[in-house]
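Asks: Residues per chain are reported as follows:
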Amino acid sequence: MKLDSMYQDVILDHYKHPHGRGLRDGDAEVHHVNPTCGDEITLRVKYDGSRIADVSYEGQGCSISQASASVLNELLVGKELAEAQRIQATFLELMQSKGKVEPDDAMEEVLEDAVAFAGVSKYPARVKCALLSWMAWKDATAQAMGDGAERKTA
Amino acid sequence: MTQLPGLLDTEALRKDFPILDRVLHDGKKLVYLDNAATSQTPRQVIDAVSEYYERHNANVHRGVHVLAEEATALYEGARDKVAAFINAPSRDEVIFTKNASESLNLVANMLGWADEPYRVDRETEIVITEMEHHSNIVPWQLLSQRTGAKLKWFGLTDDGRLDLSNIDEIITEKTKIVSFTLVSNIMGTVNPVEAIVRRAQDVGALVLIDASQAAPHMPLDVQALQADFVAFTGHKMCGPTGIGVLWGRQELLEDLPPFLGGGEMIETVSMSSSTYAPAPHKFEAGTPPIAQAVGLGAAVDYLTSIGMENVARHEHAITEYAVRRLQEVPDLRIIGPVTAEDRGAAISFVLGDIHPHDVGQVLDEQGIAVRVGHHCARPVCLRYGIPATTRASFYLYSTPAEVDALVEGLEHVRNFFG
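Top to bottom, those sequences are chains A and B.
Residue numbering for the first sequence follows my numbering, starting at 131 and increasing by one per position.
Residue numbering for the second sequence follows my numbering, starting at 603 and increasing by one per position.
Simulated from the structure, these hints should not be mistaken for lab results.
Treat the hints with caution; some may be incorrect.
To give an idea of the interface, some chain A residues facing chain B are shown, with a C-beta separation under 10 Å as derived from the structure [to be verified]:
| hint | residue |
| --- | --- |
| 1 | 132 |
| 2 | 137 |
| 3 | 140 |
| 4 | 166 |
| 5 | 168 |
| 6 | 191 |
| 7 | 193 |
| 8 | 259 |
Sample of chain A residues lacking proximity to chain B, with all beta carbon distances greater than 12 Å (derived) [what the hints assert, rightly or not]:
| hint | residue |
| --- | --- |
| 9 | 133 |
| 10 | 150 |
| 11 | 184 |
| 12 | 196 |
| 13 | 240 |
Simulated crosslink set (EDC-like; lysine to aspartate or glutamate; CA at most 20 Å straight-line) [said to hold, decoys possible]:
| hint | chain 1 | residue 1 | chain 2 | residue 2 |
| --- | --- | --- | --- | --- |
| 14 | A | 132 | B | 966 |
| 15 | A | 252 | B | 966 |
| 16 | A | 252 | B | 628 |
| 17 | A | 146 | B | 933 |
Ideal Cβ positions, reconstructed from N, Cα and C, are used throughout, including at glycine.
Given only the sequences and the hints, what does the whole structure look like? Please build it.
Replies: This is the structure we're talking about:
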């Protein structure tokens, strides 16, 4: 069934058992909303030099947006910023592929659990759900690094 | 098949709507339950629009050739039909706009630029309700910000109705305009017009009624409503998109200033100043949505041939059935009135802690189209402490079998995320 390609077990698992949820100490905080559906996330980043010490978040939204935040936390915490940016760019590429990119081994190695979102890219209305936390992270990181301060919402 | 008293002959009616035969996702029959967002279009309307373009297309109110005269007659004929449909005292009180949002914005801007006694300024107040669609909130926020007028609103009761307990404090001598929805687009609530209009009249305030969710579903009589303005849109009542209506009392339309300037709305123009055409043309600058107006005229004919009383009776029966069946679904909570009394056919609900987006996605896979989100009425979601709802909304072609399909679909949703 087509639905199963969107709601992979990995995604439902992250939705039901989110990683790193809850707000903790951070260098910058952003609040992003998806105005079409009302999904919201408040996200904080904590850096230790150029290493991501923590990404903490609190939000409400559908399984896709919540699972995506959980996957983000699992993938990015502990990574160097440059590596995290590469992961973010790869995830963005996958999500904007309209279902046309079949993740290969190289992509899977970069994205790990996040490749499960490949099926979501076929549903234009849901791509924004999957990207909500990633855009929030990018924005929070820009603020923490001092370029793009004061920008609170996308 | 479930038989309910008051139902229309949907088997025959549905043949008028080609789209209802669509089959989606490997053989699932379309179950269209998103009628509060837009209704489907009968063949009669599609044909009227096609015929307009195939035989009569021209600009209106200018030119002396045959096509221009035919197009003008069709466009103005649509105005006659709409005027009769809403029992307007005069056809000149019917202004065509592009949608209900434009109609509401038009009134806000008329009042913002008006002279006394209509002028909205920092000494005055604007009254709306917490139940409004964003299109009946934001224009008033803009007007309030631009003029300094105070924006006030009625709150909601726990069961999804307007809280009028403090009506005398909300609507006061300072109130210039009270704008509220006749039927809630998110909860289906039918509001008590008379009580609000009476209080507004007592203090000399104008009343604007957003009838977007009423005009398609029940007899609409602007004289009985006793409002000063009534706004609605064509695409929710079997018409095309791109056409809306603002009805206004003639003396007001004469007194109030135009908002958009351009061709069609003038009498004479010189380089330093202009005089304006009488209403409704004063408020219809530029080439209007001609084909869309013709389509709306055909939609009005279609609805009139069925009879709005019959439409209302059908929807009441469907709503009663749907409200009952939905409450059989475990963990389902209706947001809004839980009976069919004083209630339209839009039913919002939450299903346990399953997010509406996920509900809608799994329903879609079964061919069932519902709306999910905040329905452009985010304050209602905030009021009830929920991020969003799933909304099923019915129309004259909806059947009890479609209600059953929804209920079965929701069981499937529960199993999927259970």
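Asks: Would you mind marking each hint as holding or not holding in the structure?
Replies: Against the structure, the hints:
1. 132: holds, 7 Å
2. 137: holds, 7 Å
3. 140: This interface hint is violated because 15 Å lies over the 10 Å limit.
4. 166: The hint holds - residue 166 of chain A has a Cβ within 10 Å of chain B, the shortest such distance being about 7 Å.
5. 168: Hint holds; residue 168 of chain A Cβ to chain B Cβ min 5 Å, cut 10 Å.
6. 191: This hint holds: residue 191 of chain A lies near chain B, its Cβ roughly 6 Å from the closest one there, short of 10 Å.
7. 193: Nearest chain B Cβ about 5 Å off; hint holds.
8. 259: holds, 7 Å
9. 133: violated, 5 Å
10. 150: holds, 20 Å
11. 184: holds, 25 Å
12. 196: Contrary to the label, residue 196 of chain A does not stay out of reach of chain B, its closest Cβ about 8 Å off (not over 12 Å).
13. 240: The assertion about residue 240 of chain A holds, with a minimum of 27 Å to chain B.
14. A:132 / B:966: holds, 11 Å
15. A:252 / B:966: holds, 14 Å
16. A:252 / B:628: holds, 17 Å
17. A:146 / B:933: holds, 18 Å
When each numbered hint is compared with the structure, violations occur for hints 3, 9 and 12.
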